[in-house]
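Protein chains: 2
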Amino acid sequence: MKAPRYTKLVASLPSTVPFVGPETQERARGKKFAARLGANENVFGPSPKVIAAMQAAIPDVWMYGDPENHDLKLALAAFHGIAPKNIVVGAGIDGLLGSLCRMMVGDGTSVVTSLGAYPTFNFHVAGYGGTLHTVPYSGDFEDPEALINKAQQVDASLIYLANPDNPMGTWHNAAVLQEMIGNVPKGSVLCLDEAYLEFAPEGTAPELDIENCNVIRMRTFSKAYGMAGARVGYAIGHADLINSFNKVRNHFGMNRASQAGALAALEDQQYLTQTLARVAAGKQRIGEIVRRFGFEPIPSATNFVTMDCGRDGEFARALVAALIAQNIFVRMPFVAPQDRCIRVSAGRPQDIDLFEAALPLALEALK
Amino acid sequence: MKAPRYTKLVASLPSTVPFVGPETQERARGKKFAARLGANENVFGPSPKVIAAMQAAIPDVWMYGDPENHDLKLALAAFHGIAPKNIVVGAGIDGLLGSLCRMMVGDGTSVVTSLGAYPTFNFHVAGYGGTLHTVPYSGDFEDPEALINKAQQVDASLIYLANPDNPMGTWHNAAVLQEMIGNVPKGSVLCLDEAYLEFAPEGTAPELDIENCNVIRMRTFSKAYGMAGARVGYAIGHADLINSFNKVRNHFGMNRASQAGALAALEDQQYLTQTLARVAAGKQRIGEIVRRFGFEPIPSATNFVTMDCGRDGEFARALVAALIAQNIFVRMPFVAPQDRCIRVSAGRPQDIDLFEAALPLALEALK
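One line per chain: the protein sequences are C and Y, in this order. Residues 4 to 370 (our numbering) make up the first sequence, in order. Residues 4 to 370 (our numbering) make up the second sequence, in order.
Treat the hints as calculated values from the structure; they're not laboratory data. Hints are not guaranteed to be accurate.
Heads up, the list lumps identical chains together, so a pair's fine if it works in one copy or across two of them.
Stated by the list, open to error - Using 30 Å as the maximum straight-line C-alpha spacing, the simulated DSBU-like pairs for lysine-lysine come out as follows:
1. Lys370 - Lys35
2. Lys153 - Lys11
3. Lys52 - Lys35
4. Lys88 - Lys11
5. Lys52 - Lys88
6. Lys34 - Lys52
Note that this is a predicted model, so its numbers are computed, not measured.
With the hints as extra help, turn the sequences into a complete structure.
Here it is as C-alpha cells:
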C-alpha cells in the first residue's frame, strides 16, 4: 500500500475548517444552546409560503432539480430587471465563491481582501493556490481605496469586498462603491459580496451593470430570506463571466425543494418587509442592552450587531466563552483590532431576553 | 474594460453540460414528459418517513446544516460497521467526485476510466486538467483487468469503475472486484462508484476495507432511497483520504432538510426492501415488453434496463427521439458500440404502461 498522490497544492493545505459550527460546540459542551445568535442566521425563519412551497416539493424529491435553475433564474431576472444569462444560481454564496476562485485563481494568483474579512473566501483562495494580500480595515470599515491600491500594486486578478460588511456590520453607500468599481484595475474582477444587502438602507447598492465584466455581485437567500439551511445563492454579472461558471459548477447540485423555496421567497416581498422590521427592532434592543453594560454597538446594515467591548481581544474572547457557558451562541471577529468586538445576531424577543439575562452573568463570571 | 483573467485551464475548457436535464428538453418541446424514465431516478420516491422527516425539518431551514454531518455520519458508520472518520458526506456522488478529482488531479495527471462510462466523472477530470485514458468495455461489461493494465501503463493517479455499471446496468461480483483492488498500482486510488449497489444481488460489493488507502467507495441516497433531488451522497475510505476532503469541501454546503431525510431513509430499511421489489418487477416487465418488439434487455443490477436494439447508434438515436416525441423521457449511452442501446428506468406500472403504448408508435414513426 502507498499513500494516494494528492496534487502538490492539496497536499500542502491544512485540514482547515473556516468556521466551527454551533452543533460541534453543542456536542463538545454536551448541551444545546438556548439562543443561536452566532452565525447571523435569520432566527425569524422563512416565509410561511416558503415553508409551504418547500414542504410541497418534498414528495417530488426523487427527481433531480433542474440543472439550469430555469424558473428561479427567470424570476430573479424579472426581479432585478436583467436577463437570465446574467445570473448563476449555486449552493449559497460559499459555493459560488468556490467556483469563482476556481475560475480565476491558480498557483500564485494575487487576490486582495481586507484583513479580518470573510474567512471562507480566504479558504477558497488558499484552496486554489492563490496568494492573498490584505489591507487593514479603516476604523471599522473595509477600505475600498486601499483595496484598489493594493490590487494595482500586486496585479490582483480578484478583489473581495463585502458591503454591508461581515463581521463588522458597517457599510459604504452606493457612491463610494461606484467610485471603487470605476477604479478596478483592468482585467481584475471585484467580487462584491452583498449577502446582507436587504438589511441595508436604500442607496447602499450601486446599480447593477451587467455590461461590466470586472464586477460580480453575490446575493443569497440565506440571510434576509431566512433560508441558510436550504443553500441557495446567486451571482449577477456579465454574461461571459456568468457562463464561465458552467465550465466548473456541479450542474445537478441544487436541491429541488430549495429551488421551489427560493422562488416562493422572492415572491413574498411582504414577508421580507416584515422580517426587516423585526430585525431592525432586534438590533435596536441589542444596542440598548449592550450600551447599558458600557459597550458600544457599532452601526450595522446587517442582521447582527457587532458590539465594541472597548478592551482587547483577550477580554472579548473571555466574554464570548462566558456567554457560551450561559448557553448563548455568539461569535467574535477573528483579527485584531476588530477582535475587541462580539457579534450578536438580531434574535426574536425571546432570544434577546436570554441574551439580556446572560450578559450580566457572563460579566460577573469574568470578574 | 478588459476580460477577467481566468486560469489557463478554465479558459481552455468548453462550457460543457455533462447531461441535458429533462426540464430543458421539456421547455424546448413546449410539453411535459408523460413518463420520466431517462435519468435513472427512483420513480417510487422516498419513504413516507423520509418525506415526513424532511417536511418537519423545513421550518428549521433558517439554520445552516451541521457542517460535520455528525448525526448522519454516525448512523452511516453504525450501518456499515465502520467509524465516522471513514465517511465523508457530500452533495451527491457528483459533488464528491468533483472533490476527489480536485484532490488528486492536476495538470496532466493520468486518470483511467472506461470509454462510455459516467460523463460527469470525465467532466471533473477535464475540469482539473487531468488526462483521461480510456479502455473499451468488454462485451457490455467494464473491464477491470484492462483498467488496471492501462493504469499501470499510464501511471494513473485515479481509476474509475462503476459497479454496477451505468449506463449498461451490468456488474461484476465481489471476487472480481477484490482481485481488481489487489492489483491497483501503488499510489493509485480506485474510485469505486456504487451508486446502484442496493439494487445488485448479494455478493456484488467487495468487503469494506477502511485500512486500504487506495480505494474509495461512493454511495448515494439518490437512487435506491429515492432522494436524487435532495443531494446526499457519501464516500467511504481510509481516514487520511477521507480527512483530505476537509481541505477542499464546501463545509456549510449541505441542505439541512436533506441531512434529516437521509437519516430517516437509512432507518427505514423496510421501505428500501419494498422499493427493491418494485424496481425488480418494473425491470422484469420492461424486459418482457422490449423482447416482444425484438429487442434484448441486458441483465441489469441497477434500477434501469438497457435494451439492446440490435442495430447501430443511428437507429437507437432515432428511436430515442421517437420515444421522446411520444412524451417518454429515455436516454441512450453515448459511445459506440454501446450506443446501439437505450436506457429505460424501472418505472411504476403506470409509467411502464405509457412506455409500452409508446414503443410501437415510436417504431411505426421510424418506418
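Here is how each hint holds up against the structure:
1. For the homomeric pair lysine 370 and lysine 35, the shortest alpha-carbon distance inside one copy (25 Å) is at most 30 Å, but the shortest distance between copies (68 Å) is not.
2. With identical chains, the CA atoms of lysine 153 and lysine 11 are at most 30 Å apart both within one copy (28 Å) and between copies (24 Å).
3. In this homomeric assembly, lysine 52 and lysine 35 come within 30 Å of each other (Cα to Cα) both inside a single copy, at 29 Å, and across copies, at 25 Å.
4. Taking identical chains as interchangeable, the C-alpha atoms of lysine 88 and lysine 11 lie at most 30 Å apart only when they sit on different chains, with a minimum of 23 Å there against 36 Å within one chain.
5. Taking the closest pair of Cα atoms, lysine 52 and lysine 88 come within 30 Å of each other only inside a single copy of the chain (27 Å); across copies the shortest separation is 39 Å, beyond that limit.
6. Taking the closest pair of Cα atoms, lysine 34 and lysine 52 come within 30 Å of each other only across two copies (27 Å); inside a single copy the shortest separation is 32 Å, beyond that limit.
In this structure, none of the earlier numbered hints is contradicted; all agree with it.
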